[in-house]
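Reconstruct the complex from the two isolated chains, following the hints.
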Amino acid sequence: MQPRDLQPEHFAGYPPEARKLIVSHLDVLRQLPLSFLPSLLREAIEYDYRFPAERASLDRELAGLKALTPAQMGRRFQAFAGVSLSSGLAQFDWINLPAQFVEQQSAYLWSTHQLDAFRKAATDYGAELQASAPPEPLPVRRLGIAVIGQGVPVYEGKLFRNLRAHGTYFSRIKPGQNFDLLLREMEQRAKAHPVPYGHWYVDGGQAVAHSAEITAVSYTGLEPVRAALLRRMQAEIASPGMGPEELRTRMARLAPADLGMDKAGDPVLDRFKVKVLTEGSGTQIYSTTFAQWTTREILRRAQALTLLVRFAPRQRQRPLNELLASTKGTPELDPLGSLIDADMAAWYHWINQQRLPGSDRSSFLVWFEGHREAVAIASSFPQGTESSSEIGLHELLSLATS
Amino acid sequence: MTPFFDNSRNPLETARALSRSRRDFLRGAARLALGSTLMSASPLVRGEAGRKKRKVIVVTFGGGARDQETFAPEGQENIPNMLRELAPQSSFFTHVTNQGILGHYVATASLATGVYETLNNFSAVAPEHPTVFEYFRKDLRRPSSDAWVVAPSNGFNRIGESECRNYGMGQGARVILPKHLLSAATSGGTPDFEHLLRDNYETPLYTPQIGGGEVELQQMENILRLSVEDFMTHARTVSSPDELSVYIARRLMQQEAPSLLWITMHDIDVAHSGAYSLYIEGIRRTDRLCLELWRAVQSEPEYAGNTTMIILPDFGRDSDYDAGGNGFQHHRTGDPASRTTWMMALGAGVRQGVVYEDPVQSVDLVPSLGAIMGFSAQQSTGKPIRELL
Chain H
481 MQPRDLQPEH
491 FAGYPPEARK
501 LIVSHLDVLR
511 QLPLSFLPSL
521 LREAIEYDYR
531 FPAERASLDR
541 ELAGLKALTP
551 AQMGRRFQAF
561 AGVSLSSGLA
571 QFDWINLPAQ
581 FVEQQSAYLW
591 STHQLDAFRK
601 AATDYGAELQ
611 ASAPPEPLPV
621 RRLGIAVIGQ
631 GVPVYEGKLF
641 RNLRAHGTYF
651 SRIKPGQNFD
661 LLLREMEQRA
671 KAHPVPYGHW
681 YVDGGQAVAH
691 SAEITAVSYT
701 GLEPVRAALL
711 RRMQAEIASP
721 GMGPEELRTR
731 MARLAPADLG
741 MDKAGDPVLD
751 RFKVKVLTEG
761 SGTQIYSTTF
771 AQWTTREILR
781 RAQALTLLVR
791 FAPRQRQRPL
801 NELLASTKGT
811 PELDPLGSLI
821 DADMAAWYHW
831 INQQRLPGSD
841 RSSFLVWFEG
851 HREAVAIASS
861 FPQGTESSSE
871 IGLHELLSLA
881 TS
Chain U
28 MTPFFDNSRN
38 PLETARALSR
48 SRRDFLRGAA
58 RLALGSTLMS
68 ASPLVRGEAG
78 RKKRKVIVVT
88 FGGGARDQET
98 FAPEGQENIP
108 NMLRELAPQS
118 SFFTHVTNQG
128 ILGHYVATAS
138 LATGVYETLN
148 NFSAVAPEHP
158 TVFEYFRKDL
168 RRPSSDAWVV
178 APSNGFNRIG
188 ESECRNYGMG
198 QGARVILPKH
208 LLSAATSGGT
218 PDFEHLLRDN
228 YETPLYTPQI
238 GGGEVELQQM
248 ENILRLSVED
258 FMTHARTVSS
268 PDELSVYIAR
278 RLMQQEAPSL
288 LWITMHDIDV
298 AHSGAYSLYI
308 EGIRRTDRLC
318 LELWRAVQSE
328 PEYAGNTTMI
338 ILPDFGRDSD
348 YDAGGNGFQH
358 HRTGDPASRT
368 TWMMALGAGV
378 RQGVVYEDPV
388 QSVDLVPSLG
398 AIMGFSAQQS
408 TGKPIRELL
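Protein chains in written order, with the numbering used here: chain H, 481 to 882; chain U, 28 to 416.
Isolated chain U, as found in the complex (with noise of 0.2 Å):
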């Protein structure tokens, strides 16, 4: 029989066989160009005049997805929105590496500094260095309304801004957790709810204790002029917490028009409990959220023809191939798959169709948000990636 387990391949050519495999396959499906061969015409809008108009979507998934899953051809039944409809419009970027712990409130913490940060996963605790959100709001001169997060569960209550001296309290972006508003209007609700509630799918039966910046359910009405019973009727009407983080966004778009939005999507990682199935329709959900919500930048006056949307996975998954994970289930292993993942960038400033191969690390995003938005992402050791600028 031909040997199965192939170990002679290295960590760096298995990641950049992934990013091959990206590439390949959106340059047949999509028919997207190389970028190597456009670097010399940036399209980005330039000037003051442009920087004040501009508004940035930033959309990242905590439960990262697997390229069998997702980009490979195998997976792409998962994602026809991402490949027909946002892939050809976008510049996708097949080779980005997160080398920071693999949880996704630390990962997500890191994508907003900029700097690969060693917080407790666990713990409801604010990043170590200035969030682009502080970064945002101090360079430009941003009121408090200006920059919000989106997060699934209760442990994210602390991302919008960090513990820096010079940053910090009351300088972030302002939290909303949808789940955790649903909570609130659902006092005494079924321990099923609650269970789902808890969706720190890492440590299912646990959840940090709230202690943050997070908008409360009696603002609700007062920010999304949203009355509890709307909340909850609609809430009644999606299938996934992620869909009412979706909800929750474009509400706030509506009323609010941040210039800085960052939404944490989470259904993906329902792939902890071990259950392909379930996981495969989290991808599913996650494709079509990812279209609804840029076609509500396309329909919304404050957002069409200035916004930049960029999607990307905290990080990925175990491969099935590494004896010390369990496949899709987890990311624990530090394997090039699980370290590997993509971006994609569209809209405003963002040329249409092309595909940059160069590795990228995800701490390079939020000094790239600052070149395009206007603010020095000082502390952050990630670079502006040179594509987007």
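Next up, chain H with everything else stripped away, as it sits in the complex (with noise of 0.2 Å):
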């Protein structure tokens, strides 16, 4: 099957969001190259169940493309035209099983040695859409809060070190504050700029309580879930002829109540939640390793106004000897390796939030929680600095925001 033998009764099997949409622009998908076409199918499918953000940027592609004449077309795809595929890869199902297609491409792109011409033509043409179709303005300035090292009494090392170059680094936070301030002062950005998938709250453990105008995530939360999922991978590998490949694909297709979830549950962010947990490396096992992707998830997918993360002492990994005495029990906890962990996440997180539109524009604050130091990145505040006054947080968001 080629691209541009593609009929409407072709997408019978999608979701009717995404049928709809894929029959409306056929006469555009006809025209893109078989490297190429899947990748943006394997977003399609799923429209459904995508966030607001997400349909809109796909609404933007497609209507883009559709405006581009033949000629700029084939120029659009030209490096992607130029890449080669397998017969095998020609006859496979991509229009069903898109994903499963681009995992294979992906292989056989590291094979031929063509990878890196391809996520050239990617870059290229990410770039491109970019700059066709800018999106629309923010209705308020983003804002990242990462909250780390819950449960760390002291800690002798330099925290935020990537990050300080790039705001002003605070030793003095006033004592006594706690998250529930950094929360409040979410709850009121999200009633005052109520966007759908908007504001987000993740936590590495319990999550605490929070209005309805937030969208939450939480380790803790998930448990059911996690222990499901692992029970199910566990299941598969058992069975015969079990390969990676195939566990990749099983996963792929897991949907909440496949998990356990309640039917009655959120369709779209359950959805995310087992998106999060089957394509995550880690996220299953360690706490600290969810929260940083579940918050790269979110910047990426939903491109959350706010995003508070709040990490939590993640699970201990016994080493060798440890694991041969074969002792059991309650897993203990790693605080000090968990901050580790948490900074590290704090950055990407920034990382993340400044590839979204707006960053010139962005804020962020990183807190060691119940501690002194924080670490605030604004246009209101100057760079690689560092202030010794006390200040409080609600301040400090006030400056940063303002």
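None of these hints come from the bench; they were simulated from the model.
Where hints are given, some of them may not hold.
To be verified - Pairs of lysine to aspartate or glutamate residues, derived as DMTMM-like cross-links and limited to a Cα-Cα distance of at most 20 Å, are as follows:
{"id": "1", "chain 1": "H", "residue 1": "K638", "chain 2": "U", "residue 2": "E101"}
{"id": "2", "chain 1": "H", "residue 1": "K600", "chain 2": "U", "residue 2": "D347"}
{"id": "3", "chain 1": "H", "residue 1": "K755", "chain 2": "H", "residue 2": "D485"}
Written out as structure tokens, the structure reads:
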């Protein structure tokens, strides 16, 4: 099957909104090279379960492609058209299994040394897309908050090494500040600028009570889902002929109901949670990885206006000698290791936030929970400087977002 | 605010910048000299007599470490031993490129064959092209006891010999998988322990079936002079699989004294779990183990004074700035940071305290070993690194 042969009935297996979108753009899709189209379909097939920002992005992309003349289309996809694919890939059911196709295509590109060319074509395409279809202005400047170090009484090392160069390091945050203060600030933002899936709270432990305007995900809250997933994976691994590719394929097909999630839940959010656990490496095992990857995906997919992330201690990795001793019991926690994990995760939080539209006006705050250290990054703060003035988190946030 | 993402730099420029960063840092911190000024006189021991006694140990990291956690200024605290003890004694190559597939098994196979292999990274299959062990044994008529591989996970059990018709079965290295031995010695272990044994961190819940020429538990006593009880007693004192690998390697050096010993470490690759602190711990442990191995070389009569040790990661890890990746966690983007790494050569025939910044490729390793040891890596697509000749 080649893209030029596409017909509406080929998409009968797609969810309704996705089918409608695809069929209304079939003329465009028929012109796209096979090395590119399944990547687009991978996004489109999930359209019914996508966040508003993702839908808007896909709508813009398709509208932009529709507006191109044939000559412009040829130029836009020239590099992709130059990528050669195997006959096996051409015969693959890329319409109904676009994600699996992309995975196999990736392996093929690596093995035929075409990955670098493909990578350049994709990067150039993304840049052209951004330039040709600028996103809508944001209703409020984006704000990221990372709270790290829960359970660490003292830390002698240097925190925020990567972030300090981009903002102001505060060494005298007022004593007595707490997480609830940040959550309340966030709730006010969410109330003032109500946007579906626009304001998020991620907790690496148990989420605290929050208002309904906030979308929340927590590691502890997903414990039954994680347990169900690990049981399922173990069962799959034990089945004959199972390999890593097949395992990934089966994991990708899992729906919330397969992991015991309530059918009455939010289908978009539940699907997102399942993706975090099935696509993220280590998210099932370490709470710090879970919080970091969830943060990345919220920014990449939902393009959150506000994202508050609180890290909690992850389980300790047991050394070989302990494992051989066969002692069992409740896993111990590793607060210090988790602080180091979270410090790096905060850096990635900010980097991923800066990849989004409006980055020149965005704000970021990272705080060592219960301690006096923080870094604030915003146009109102000088870069690479330190402040020894005593300041409260509320005041810091006001300055960062004013 | 200052623009954060600089997209104007092309991949080649980025790779060169990484190389320059390593060079500048090493020159400052370890007082190494630039190699281009010292190229005229090679100290390599030449002649058949030299070659017969020559031993080579190759240490690869299956799980690359990035500059910012190692040789860049902010990473130096993680590699005190390589920096202060090993680098000053080494020829250091700042710009090693891997143009192949960035999976650990296939990349290690590529290092061992001198060809960018395209095998399935997650299958227990032999490399397509002859390995360095086969070239070495065939050309120099060496017995199987003279070439050994100590490798981390079960997937590496076919690394010792290729499927090439003129080489292949029975002509390669013997492979020892310490964790496989551990698994055999502790049959019926705990679920946690089983999880550790499946340490292919790229696919942590999947392990290919064993089916190669690796050493089995019952052979351990004959080869290593090590009883299962003693092996287990020692295993209970180490904290990681790589420590166990180094213990086995040292045992091999004492008992078999192979002329070609290849050790692949893997602890760093815990980075795939996404826990940064564990990745850093892995780097620090590997740094310590490299020094431990080097000291073992100095203390073993069969190795002292006639051994060349080469240390290199199989590749790097993704940059923080590539949107397609997730920083240190993986090596999936194919960006310059994941393709560019370094190599350190120490010991016999190697000029000490020199930094070479001209680009070399990871497939150049095998023909370079051929030139050092006196065999011909006929099918390798790499070329001998002149600074090692």
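We went through each hint and held it up to the structure:
1. The hinted pair formed by H/K638 and U/E101 meets the criterion: a straight-line CA distance of about 11 Å does not exceed 20 Å.
2. As the CA atoms of H/K600 and U/D347 are separated by approximately 18 Å, the hinted pair is consistent with the 20 Å bound.
3. Restraint check for H/K755 and H/D485: not satisfied, since their Cα atoms lie roughly 32 Å apart, outside the 20 Å limit.
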